[in-house]
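Please model the entire structure based on the sequences and the hints provided.
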Amino acid sequence: MKKWLFFLLIFNLLLTACNEEVKKTVVLSTEDKKKIEEFATALLISFNNHEFELIRSSWDNEEFRNKVIQLLRPSEETVFNHLFDKEWSKHILYMNTDLVYRNKFHEGKAFLSNVEHFKSHSEITFSFLYEDYYVDFRKYRVKLINDNPKLVDFYTFKDNNWQSTSIKNAVRLNTTYTIHTKERKQANLYSNKSRDCLMARDTLCALENLYKIPESHQIDLQISTQKINFAFILGEDIFQEVLYKEYLSNQSPFIDYLYYYFQDSSIELKKVYNNLSERTGERALIDSLRTGNYMWY
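With my numbering, letter number 21 in the sequence shown gets 21, and the count goes up by one each step, no holes.
Hints were generated in silico from the structure; no laboratory data involved. Hints should not be assumed to be uniformly reliable.
[Stated by the list, open to error] With a straight-line Cα cutoff of 25 Å, these simulated DSS-like cross-link-like pairs (lysine-lysine) come out:
{"hint": "1", "residue 1": "LYS212", "residue 2": "LYS185"}
{"hint": "2", "residue 1": "LYS143", "residue 2": "LYS90"}
{"hint": "3", "residue 1": "LYS158", "residue 2": "LYS212"}
{"hint": "4", "residue 1": "LYS119", "residue 2": "LYS34"}
{"hint": "5", "residue 1": "LYS35", "residue 2": "LYS119"}
{"hint": "6", "residue 1": "LYS86", "residue 2": "LYS67"}
{"hint": "7", "residue 1": "LYS143", "residue 2": "LYS33"}
{"hint": "8", "residue 1": "LYS270", "residue 2": "LYS245"}
{"hint": "9", "residue 1": "LYS67", "residue 2": "LYS119"}
{"hint": "10", "residue 1": "LYS193", "residue 2": "LYS182"}
{"hint": "11", "residue 1": "LYS119", "residue 2": "LYS139"}
{"hint": "12", "residue 1": "LYS90", "residue 2": "LYS158"}
{"hint": "13", "residue 1": "LYS90", "residue 2": "LYS104"}
{"hint": "14", "residue 1": "LYS34", "residue 2": "LYS139"}
{"hint": "15", "residue 1": "LYS86", "residue 2": "LYS185"}
{"hint": "16", "residue 1": "LYS109", "residue 2": "LYS139"}
{"hint": "17", "residue 1": "LYS158", "residue 2": "LYS34"}
{"hint": "18", "residue 1": "LYS158", "residue 2": "LYS271"}
{"hint": "19", "residue 1": "LYS182", "residue 2": "LYS212"}
{"hint": "20", "residue 1": "LYS270", "residue 2": "LYS158"}
{"hint": "21", "residue 1": "LYS158", "residue 2": "LYS104"}
[Claimed, not checked] Computed Cβ-Cβ distance ranges for the label pairs, DEER-style:
{"hint": "22", "residue 1": "ASP132", "residue 2": "ASP264", "range": "17 to 27 Å"}
{"hint": "23", "residue 1": "TYR94", "residue 2": "ASP132", "range": "34 to 44 Å"}
{"hint": "24", "residue 1": "ASP237", "residue 2": "PRO74", "range": "49 to 59 Å"}
{"hint": "25", "residue 1": "LYS34", "residue 2": "ILE267", "range": "34 to 44 Å"}
{"hint": "26", "residue 1": "ASP264", "residue 2": "SER75", "range": "42 to 52 Å"}
Since this is a predicted model, take the numbers as computed values, not measurements. Note that CB positions come from ideal geometry on N, CA and C, so glycine has one too.
Right, dumping it as structure tokens:
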């Protein structure tokens, strides 16, 4: 009898915990949505006034950490927490504040392109136009935490990924290929060699070493764009060769854009622009890309 009472007590506790968890899930009301829209406008103003405080104070590190942990295997959490505390949290702060820096030092202007509400969160998309004739985009996920709008994740259209997913992929790479594996050692070796070549102003050497990095570690857009940038410096023939290689190997809307742009492929570019316009909610800046006055970079 005592045993049954014990199990009944445990069941009731679990049921209560589940009910409490359900209660914690915020379902956005009309008033909540209005609050998030006002926050999005305030964030836009802070970008254009070159103010850092709102973007810094609105980012919720712990909510983002919890989001990533939900994507990980239990065995990966220790690695993630170590790397997040050591470097990734600082990198995210940089990526957020860099929007303000770029707006300031490139005489840019930010636009609020879209606000989309879901059941328990919203997504706000900003477009940026810079005086040196390029545009960029950033989407943030917003949740109400203690009744305050907080930024809990962001999406980069170049990478075609949420930051939480990018970090999950990086954690998986680090746990799959430890410091003792051949792939990890080679990735570190050739990354360092490429950097040394660049410091010595040997761009060809820097490019060649990037291609020596194992395929297992060429999973993000950064290496592809580095190759394309180096190749651009080295001349038309090498540039076209590298751009084609990266177009084939890196399934990214941004690499597609660069390839079709430099191939002057108007039909394929139109598809890229339509897709980008649909996903960002932006019209005017996409039209500037269409007319060739600006570049996405």
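Pair hint LYS119 and LYS34, alpha-carbon separation not exceeding 25 Å
holds (14 Å)
Hey, LYS158 versus LYS271, does the alpha-carbon distance stay inside 25 Å?
holds (16 Å)
LYS270 paired with LYS245 [C-alpha distance capped at 25 Å]
holds (22 Å)
Restraint check for LYS90 with LYS104, where alpha carbons must lie at most 25 Å apart
At roughly 21 Å apart (the allowed maximum being 25 Å), LYS104 and LYS90 satisfy the hint.
Take a quick look at whether LYS193 and LYS182 sit within 25 Å of each other, Cα to Cα.
Holds, because 16 Å separates the two Cα atoms, which is no more than 25 Å.
Pair hint outcome, LYS35 versus LYS119 [Cα-Cα no greater than 25 Å]:
holds (15 Å)
Against the 25 Å threshold, does the CA-CA distance of LYS143 and LYS33 hold or violate the hint?
Within the cut-off at roughly 10 Å; holds.
Could you say whether the range 49 to 59 Å given as a hint is met by the Cβ separation of ASP237 and PRO74?
holds (50 Å)
Straight-line Cα separation of LYS67 and LYS119 no greater than 25 Å?
Holds. LYS67 to LYS119 sits at ~17 Å (cutoff 25 Å).
LYS119 paired with LYS139 [C-alpha distance capped at 25 Å]:
Roughly 18 Å separates the two Cα atoms, so the pair holds.
Distance restraint between LYS182 and LYS212, which requires alpha-carbon spacing of 25 Å or less
Holds. LYS182 to LYS212 sits at ~13 Å (cutoff 25 Å).
Taken at face value, is the distance from the CA of LYS158 to the CA of LYS90 at most 25 Å?
Distance ~21 Å between LYS90 and LYS158 Cα, so the pair holds.
Comparing the model with each earlier hint shows violations of hints 17, 23; every other hint is respected.
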